[in-house]
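In my numbering, the protein residues as written are 4 to 256.
Don't read these hints as lab results, they were simulated from the structure. Hints may contain errors.
Stated by the list, open to error - For each label pair, taking beta carbons as the anchor points, the in silico distance ranges come out as:
#1 Y254 x K218: 38 to 46 Å
#2 L170 x G21: 40 to 48 Å
#3 T13 x I181: 24 to 32 Å
Glycine included, C-beta positions come from ideal geometry on N, C-alpha and C.
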Amino acid sequence: MQLCVDIGNTMAVFAFFGEDGEVKKIYHSKSFPERSYDEWKVSFKLFIQSESLTRIKGAIVSSVVPSLTQIVVPLIKELFGVEAKVIGPGIKTGMRINTDNPKEVGADLIADAVGALSLFGPDCLIVDLGTANKIIHLDHLGQFDGCTIAPGLGLGLNALVSNTAVLPEVSLQIPHKIIGKNTSDSMNSGLLYGTAYSLLGMAEAIEKEVGRPLKRILTGGYSHFIKELLPSFTYEPHLLVKGLLHILNKYGD
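Based on the provided sequences and hints, a complete structural model is requested.
Have a look at this one:
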């Protein structure tokens, strides 16, 4: 088994891969920065014991929450006896970054790009829907050529609920029609159809800017809510952790 960990602003994902390179078990946890080391240990230890995941031969971490990195890395060391590789400046990933300041490109974006290149090749447009909506361009040379970043579905929903007096909390679900006949459908329409058509428009604009069609890939924690509205995209829910696995296998030593 190999362990690939994605620590995002909303969720932390611990993906255990088998020898065939496929995800065998996944542990999800909200990224509670206020949780102590012992609290993380109790929760994660219960999971690995229940799934008989007592041994791994390598581990890698992508994190955008430094305080949680400082908990997860020693936790992996204690529970498995493995020193986890952490994606960051100076760490080999095999991804060339064609931006103004490559050091500011987030570990999650790099892992997405590596995953896309390893699975689909160059000329990709990667949409990662998490706390933020990220659109990454992987150019014809397989380089990270830049991205766009916007507020994600969860942030949009929270903003509506917390900044209005009467709008309720709703479960994200695609309504049958764009024109809502009730508050829940109206909010879901604005959030889900609005996000989907915004992404389609951005994809077309990026393809026009680079001068050619791109392979469109959809991933991220919120992607399953709108994948039905984006049939031109290939849905790959494990893109980021598969990118981490590729890095671990190639540069883990």
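Hints versus structure:
1. The hinted window of 38 to 46 Å between Y254 and K218 is violated, with their beta carbons roughly 24 Å apart.
2. Range check, L170 to G21: Cβ separation about 45 Å, and the 40 to 48 Å hint holds.
3. Under the hint 24 to 32 Å, the C-beta atoms of T13 and I181, about 27 Å apart, fit the expected range.
Hint 1 from the list above is the single one not met by this structure.
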